[in-house]
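Student: Quick mapping for you: the protein sequence lines, in order, are chains A and B.
Quick note: the first sequence uses the numbering used here, first residue 1, plus one each step.
Quick note: the second sequence uses the numbering used here, first residue 1, plus one each step.
None of these hints come from the bench; they were simulated from the model.
Mixed in with the good hints there might be a few duds.
Below, a list of computed lysine to any residue pairs in the SDA-like style, where the Cα atoms sit at most 20 angstroms apart [claimed, not checked]:
1. A:K27 x B:L239
2. B:K87 x A:Q78
3. A:K200 x A:N129
4. A:K221 x A:K92
5. B:K93 x A:L113
6. A:K193 x A:G160
7. A:K97 x B:W103
8. B:K256 x A:Q78
9. A:K14 x B:G258
10. B:K261 x B:L41
11. A:K260 x A:S295
12. B:K235 x B:L101
13. A:K92 x B:K93
14. A:K232 x A:L146
15. A:K5 x A:E49
16. A:K92 x B:A111
17. B:K8 x A:E127
18. B:K261 x A:F13
19. A:K14 x B:K4
20. B:K257 x A:R91
21. B:K4 x A:S295
22. B:K4 x B:A111
23. B:K87 x A:N107
24. A:K5 x A:S41
25. A:K312 x A:K260
26. A:K97 x B:D94
27. A:K269 x A:E314
28. A:K106 x B:K256
29. B:K8 x B:P98
30. A:K87 x B:A111
31. B:K4 x A:E127
32. A:K156 x A:D188
33. A:K14 x B:E263
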Amino acid sequence: MAVIKVENLSKTFKVHKKEEGLKGSLKALVKRTYTNINAVSNISFSIEEGELIGFIGPNGAGKTTTLKMLSGLLYPSQGVVEVLGYKPYERKNEFLKQISLVMGQKNQLWWDLPAIETLNLNKEIYEINDTVFKKTLTDLSDLLDLKDILNIQVRKLSLGQRMKMELASALIHNPKVLFLDEPTIGLDVVVQKRLRDFVKDYNRKYQATIILTSHYTEDVKELCQKIVIIDKGNLVFNGSFKEIIEKYADHKFIKVIFSKNQTPETLSKIGNFVEQEGFTATYLVKRQEVAKKASEILSKYKIQDLNIEEPKIEAVIREIFTGRNVS
Amino acid sequence: MSLKKYLKFYTSGVETSFEYRGALLTWLVVELISVSSALFLWLAVFRSTAQVGLFGLGSMLLYFALIPFFGSFTNSFVSDFLPREIKDGVISKDLIKPYSLKWVILARQLAIKSTQLILRMPAYIGVLIFLSVALKVEVPVSKILFAVLFAPFCFFVHFFLDFFFALFAFFMDDAWSLSHLKFILILIFGGMTFPLSLVPYPLKYLFDFSPFKFLYYFPANLAINGITNVSSFAKDIFLGLFWILLFWIFGNILWKKGVRKFEAYGN
Chain A
1 MAVIKVENLS
11 KTFKVHKKEE
21 GLKGSLKALV
31 KRTYTNINAV
41 SNISFSIEEG
51 ELIGFIGPNG
61 AGKTTTLKML
71 SGLLYPSQGV
81 VEVLGYKPYE
91 RKNEFLKQIS
101 LVMGQKNQLW
111 WDLPAIETLN
121 LNKEIYEIND
131 TVFKKTLTDL
141 SDLLDLKDIL
151 NIQVRKLSLG
161 QRMKMELASA
171 LIHNPKVLFL
181 DEPTIGLDVV
191 VQKRLRDFVK
201 DYNRKYQATI
211 ILTSHYTEDV
221 KELCQKIVII
231 DKGNLVFNGS
241 FKEIIEKYAD
251 HKFIKVIFSK
261 NQTPETLSKI
271 GNFVEQEGFT
281 ATYLVKRQEV
291 AKKASEILSK
301 YKIQDLNIEE
311 PKIEAVIREI
321 FTGRNVS
Chain B
1 MSLKKYLKFY
11 TSGVETSFEY
21 RGALLTWLVV
31 ELISVSSALF
41 LWLAVFRSTA
51 QVGLFGLGSM
61 LLYFALIPFF
71 GSFTNSFVSD
81 FLPREIKDGV
91 ISKDLIKPYS
101 LKWVILARQL
111 AIKSTQLILR
121 MPAYIGVLIF
131 LSVALKVEVP
141 VSKILFAVLF
151 APFCFFVHFF
161 LDFFFALFAF
171 FMDDAWSLSH
181 LKFILILIFG
191 GMTFPLSLVP
201 YPLKYLFDFS
211 PFKFLYYFPA
221 NLAINGITNV
231 SSFAKDIFLG
241 LFWILLFWIF
251 GNILWKKGVR
261 KFEAYGN
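Assemble the whole structure, with the sequences as input and the hints as a guide.
Tutor: Below, the structure written as structure tokens:
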């Protein structure tokens, strides 16, 4: 069953366009010109219950705007958006009780009070009964290792500890849909990994539908079953990692370990080699020619090993955004 | 509507206020300096005259001692922070929670008020004792206590007015001008700088009808003179209720339109 349905969704912002310099400022004082910016243009997709989806796109691509429309923060300019059967922008309490939005760059905790106070407040806000609250708190505390920091003032927590508390506070009511906007931004690699593991476990344990935006492809690669790529407000791709590679990467890599050192001339004769290190050489080969090239190498040369590799997902995505062929 | 969640906002707000003891005491000093300067000013004025309007020296000094006293009941600071929070997108975190931001802000304002009253009231009472003992000004304790009963009513006029004002931030490019505008209007129409009974006709009609008079002048005047005319007192109560209703209705309309226009910047 689709938990999130989006059809031809668009969001346009009216932005004041000012000419440069003092003259421009004076002109703007009398007469302002506005321009419409299409932050999101006509996108459609649907997400099933329990799916963990990654939203990828460069800065200003429209990922956060889409997330804000899905969570009810923004009114769409056009199109249909439905989450858990509700129109998010109506912001009905029954809907808001079932979702959560974590923004990596925004603090939702009470800055001057210990984090446990925000959790207690959320208990009242989401009308969670005592038993469920205690159980969820214990679970989250174990999963995120919070026991020792619950009673420390939020402003005295490190960024990583604060982010863990933000997650706990966002999940204390067991939301069915969780929106994570750059949850690992600014965190060191160890904490990033811990948060990723937590999100994965949470998704598995509670069958929550999770949408994640991140600049770190590592986040998305490790966590998500599917990705949605947005660029300049348009949906570029919606599918699995395998599909994206098949669709956009028309080459594969053949990595050969020769039995003896080969001269550069010999290596060039074999094909388009991109890297050489000792006995190892890597070749870039068109997808449809891989089998033929591999058998040619195996038959003509003495080798220790041969591997056929897909291009790295980071490279594929980077090339999609820069509009070049993926290799 | 579950009151429990708003009560929790109130208690958390009180806890937060107590974290800022230094700021609370600084504001107390600011208030005391402002009362002292007003008292010195009117002491100087009354050296050359015995009466200003219907005010003698004693009632004028009492009036200005009662301004911060009632202010601590009627103050509302919504337009000081909400416009900025709207512009910076800070309210995003509230819009995705199952509660009404208006009632949350009210709970927070009441929390601030509670701590202010606890910490400042002894100082204000000290000023009244000083007036009575050192300057021989008659302090009508029973009338003041009676006026205190109406202070919450005056606070609600101010709160809904303030909330209404703050919501214009949804439709404006800058946010700070709103709180400044409100401050100037209170300064003139609220009776903060002079008792409104000193305003000549026909301007007095305008001052009498304004909602700002409930912030300072109405409770201070009630504390000094009591109810001098029942029908005009009843008229004032109806006027206050009228303003509450008006700001409530138009506040809701502005909120609905504003949230639709909200662009949730800052993320």
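Student: Indicate, hint by hint, whether the structure satisfies it.
Tutor: Hints, verified against the model:
A C-alpha spacing of about 44 angstroms is found between K27 (chain A) and L239 (chain B), which places the hinted pair above 20 angstroms, so the restraint is violated. For the hint pairing K87 (chain B) with Q78 (chain A), the CA-to-CA distance comes to about 24 angstroms; that exceeds 20 angstroms, so the pair is violated. Of the pairs offered as hints, the one joining K200 (chain A) and N129 (chain A) is violated, with about 26 angstroms between alpha carbons and a cut-off of 20 angstroms exceeded. A hinted pair counts as satisfied when its Cα atoms are at most 20 angstroms apart, and K221 (chain A) with K92 (chain A) does not qualify at roughly 34 angstroms.
Between K93 (chain B) and L113 (chain A) the alpha-carbon distance is near 17 angstroms, which keeps this suggested pair within the 20 angstroms criterion. Restraint check: the Cα-Cα separation between K193 (chain A) and G160 (chain A) comes to about 11 angstroms, which is no more than 20 angstroms; the hinted pair holds. For the given pair, K97 (chain A) sits about 18 angstroms from W103 (chain B) by alpha-carbon distance, which is consistent with the 20 angstroms threshold. Taken as a hint, the K256 (chain B) and Q78 (chain A) pair is honoured in the structure, with Cα atoms around 18 angstroms apart against an allowance of 20 angstroms.
Of the supplied pair hints, the one linking K14 (chain A) and G258 (chain B) holds, its CA atoms being roughly 15 angstroms apart against a limit of 20 angstroms. A distance of roughly 48 angstroms separates the Cα atoms of K261 (chain B) and L41 (chain B); the hinted pair therefore is violated under the 20 angstroms criterion. This hinted pair checks out: K260 (chain A) and S295 (chain A) have alpha carbons roughly 19 angstroms apart, not beyond 20 angstroms. Between K235 (chain B) and L101 (chain B), the direct Cα distance comes to roughly 32 angstroms. Violation of the 20 angstroms bound is thereby established for this hinted pair.
Straight-line distance between C-alpha atoms of K92 (chain A) and K93 (chain B) comes to about 15 angstroms, which keeps the hinted pair within the 20 angstroms bound. Proposed proximity of K232 (chain A) and L146 (chain A) is contradicted: the alpha carbons are some 39 angstroms apart, above 20 angstroms. Distance restraint check for K5 (chain A) and E49 (chain A): the Cα-Cα separation of roughly 11 angstroms lies within the 20 angstroms cut-off, and the hinted pair is therefore satisfied. At roughly 27 angstroms between alpha-carbon atoms, K92 (chain A) and A111 (chain B) are farther apart than 20 angstroms, so this suggested pair is violated.
Between K8 (chain B) and E127 (chain A) the alpha-carbon distance is near 12 angstroms, which keeps this suggested pair within the 20 angstroms criterion. Of the pairs offered as hints, the one joining K261 (chain B) and F13 (chain A) holds, with about 10 angstroms between alpha carbons and a cut-off of 20 angstroms not exceeded. Annotation: proposed proximity of K14 (chain A) to K4 (chain B) is violated, straight-line Cα distance about 40 angstroms (limit 20 angstroms). About 14 angstroms separates the Cα atoms of K257 (chain B) and R91 (chain A), which keeps this hinted pair within 20 angstroms; it holds.
For a cut-off of 20 angstroms, the pair hint linking K4 (chain B) to S295 (chain A) is broken: about 73 angstroms separates their Cα positions. With a C-alpha separation of about 15 angstroms, the suggested pairing of K4 (chain B) with A111 (chain B) holds against the 20 angstroms cut-off. Distance hint between K87 (chain B) and N107 (chain A) is fulfilled; the C-alpha atoms sit about 16 angstroms from each other, no more than 20 angstroms. For the hint linking K5 (chain A) to S41 (chain A), the alpha-carbon distance of about 16 angstroms falls within 20 angstroms, and the restraint holds.
For the hint linking K312 (chain A) to K260 (chain A), the alpha-carbon distance of about 28 angstroms lies beyond 20 angstroms, and the restraint is violated. Between the alpha carbons of K97 (chain A) and D94 (chain B) the distance comes to roughly 13 angstroms, so the proposed pair stays at or under 20 angstroms and holds. Taking the CA atoms of K269 (chain A) and E314 (chain A), the gap is near 30 angstroms; set against the 20 angstroms cutoff, the hint is violated. For a cut-off of 20 angstroms, the pair hint linking K106 (chain A) to K256 (chain B) is broken: about 24 angstroms separates their Cα positions.
Restraint check for K8 (chain B) and P98 (chain B): the C-alpha separation of about 14 angstroms stays at or below 20 angstroms, so the hint holds. Annotation: proposed proximity of K87 (chain A) to A111 (chain B) is violated, straight-line Cα distance about 34 angstroms (limit 20 angstroms). Only pairs whose Cα atoms come within 20 angstroms are accepted, and K4 (chain B) paired with E127 (chain A) is accepted, the gap being roughly 9 angstroms. For the given pair, K156 (chain A) sits about 18 angstroms from D188 (chain A) by alpha-carbon distance, which is consistent with the 20 angstroms threshold.
Between the alpha carbons of K14 (chain A) and E263 (chain B) the distance comes to roughly 10 angstroms, so the proposed pair stays at or under 20 angstroms and holds.
Against the hints set out earlier in the document, violations occur for numbers 1, 2, 3, 4, 10, 12, 14, 16, 19, 21, 25, 27, 28, 30.
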